[in-house]
Every structure is written in C-alpha cells, then in structure tokens.
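Required output: the full structure, derived from the provided sequences and hints.
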Amino acid sequence: MSRPEPSARAALRQGRGETAFAEQWHAEVVAVVEVLVADGRLDPGAWSQALGAELERRAADGAPDSDATYYAAFLAVLEQLLDGQDLAPSAEVERRTEEWRRAYHATPHGQPVRLAGQND
Amino acid sequence: MSSHDSDKVARLHRELHSHLPAEPALRLKALETVLVERGFLSQDAVDSWLDAYSENVGPMNGARVIARAWTDPDFVARLAEDTPAAFAALLPHVEKGYPIKAVFNTPTTHNLVVCTLCSCYPLGILGMSPAWYKSTAYRARAVRDPRGVLAEFGTHLPEGVDVRVWDSTSDRRYMVVPERPAGTGDWSETELAGLVTRNAMIGTVRDLTPARGAA
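Quick note, the sequences are listed as chains C and V, same order. Numbering (full-length UniProt numbering) for the first sequence: 1 to 120. Numbering (full-length UniProt numbering) for the second sequence: 1 to 215.
No lab work stands behind these hints: they were computed from the structure. For glycine and all other residues, C-beta sits at the position ideal for the given N, C-alpha and C. Worth double-checking, as some hints may not be accurate.
Derived pair list, reagent style SDA-like, types lysine to any residue, alpha-carbon separation capped at 20 Å [as the list claims (entries may be wrong)]:
| no. | chain 1 | residue 1 | chain 2 | residue 2 |
| --- | --- | --- | --- | --- |
| 1 | V | Lys101 | C | Gly45 |
| 2 | V | Lys101 | V | Thr116 |
| 3 | V | Lys101 | V | Glu81 |
| 4 | V | Lys101 | V | Pro73 |
| 5 | V | Lys101 | C | Arg58 |
| 6 | V | Lys101 | V | Leu123 |
Sample of chain V residues facing chain C (criterion: CB under 8 Å; computed from the structure) [to be verified]:
| no. | residue |
| --- | --- |
| 7 | Glu32 |
| 8 | Gly124 |
| 9 | Thr184 |
Right, dumping it as structure tokens:
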C-alpha cells in the first residue's frame, strides 16, 4: 500500500515544467476512478453525472472555484458511489481511516507505514 | 511542563513519526484498502496506471499526432475518420480505445472544447486537464460566451471565423487540431510537435508561434 513520494514520480507532470497534479493524492484518486471504470465497477456516465451534480452543489454553496474544491468533490463522489453500490461501505472506510491514522502515529519517520497485520 | 517544553515535545513527536497525510489522502488510502480487501480493486492496476501515466501520458502525445497530421494527408484522413485508431497507429504504447475525436480548425472555423457537466477530458492520452478547464467559470461560460472566454486567453477571433464549441462527455472527448503555422514548411515533425500546446488542443489558443526552440 506504500507508494513512491511525489518527487519519485517526476512524470506526474504535464510537461514543460508544469505539474499535472498539485498533490499526489489527486493523481491517485484519478487513477482509482480510471481503473474502476476500466474494470466496469463504475459506470462512466453515472460517474460523470454525479461529479457534475456535486460540483454544481458546491458552487451553489459558495465553495471556491479551485482545484481543492474539485478534488474534494471528486473524492466525496467516489465515496458516495462506492458506498451506494456496497463496494466500499462508508462505515468500513471510516474504520480504516482511523486505523491508518493510528498506524502513521505509531510509525517512526522513515519506516514504511503499514496497517496491523499487513505485510506490505 | 512549560509551554516551551510542550512545544518542543510536540515537535519531536512530529519529527520522530511518519508524516500523517492530509485528511483526504488518508481517506483515499482507507478507501483503497477497503476496495482491495473486498476484491474490487487491484493495487497493482492502480500503480500500473500511475506508472503508465508517468511515462507515456501527456500533451506531447497530441502534439505528435498533430505534427504527423500536418505532414501526412493520409494520416489526416485517418485522424478525422477514426481518431483512436490514428493515435494507436502512431503511439502504440498509449492507452487504446479512448473515446476521443479530433476536430480541425480551418481559416473560417475555430473549435473550443469544454465539459459543461464535470471535467471529461482525454486524460488517458493527453494528461490531466488544466485547473481552469475544471473550473465552474470556464464550464459555465465556454458555451454561453465562447468569444469572451477566448479573449481572456488572448485569442481574438477575426470577423468571419465561426466558433464551434464541443461539449465533452464520458462517451466522447475532443482534441482540437490547430492549423499549421505559416513559415514552417521545412520543419521536421519533431520541431512541429514542439509548437503544439495543450491549450491549443483545447482551443483556447488559436495561433501557434513558429519560433524555433519554443518547445
């Protein structure tokens, strides 16, 4: 579950010195959606409709028109759809989030962070 | 313990332990964990996508295809007829079958691409879209006031040039093929590819500048 740091993936760049993704998790969440769509787990039309609706809702609520708002919406929609399809129930995601948080707190800097019982 | 001491302890604690990711990154990690454990996602597939994206994906792919189209009439016909096949022929290492269609600028037509619904873009071929492409402002205004939007990008269309706005969807995404700049008759394909910018492929830029070494 550990990945190279952003600097190791120099190629997550747009070319001509421009960074394609401001943060590593932005690239990762896009990758997750692309893989789920390619595997037929997510319907591209449903995904697009749900993302569009969420972006519209956030804009109507006065959220800044920014990359941060966009990727927050992107992740929230992914969580909602996966919960709705029972692929990743939100209670399970909450539990795993806390486990990862504890794992980070318990791991000395420089060591790979793993969940209890995870070998890699 | 004084507040100075507790600050010091907190700092040491942070330095001694792995840096906790930002909350959304942590949630994504948890989401991936759940999906992988339940057999709905392969971690290798996600890593492979990121690796492929790192090495093979970006606006340079579109630039190469456009440069070939500028120099090979048969390729232009293929690109117009079946854009994914043209990409696959020139760039076999890039993801195949992506729903993309090339639209061609002419002296009297300018093409502009938007996704009014969300942010559909051929990112598996051309890399991630720019932040402004995903913005509410661009998505809302590109159809309503394309000339105004273009002007904000410094693109002022002359009289007699019509604008066609293409609304990308999950089923069909677009790439603008700009016109080949005058004065590049003796340029190599590589040099020509160096002229093509991401914004030109979206259509917010119309005229490419034939200055050697611009890439």
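Enumerated hints in conflict with the structure, sorted upward: Hints 5, 9 are the ones this structure does not satisfy, whereas the remaining hints hold.
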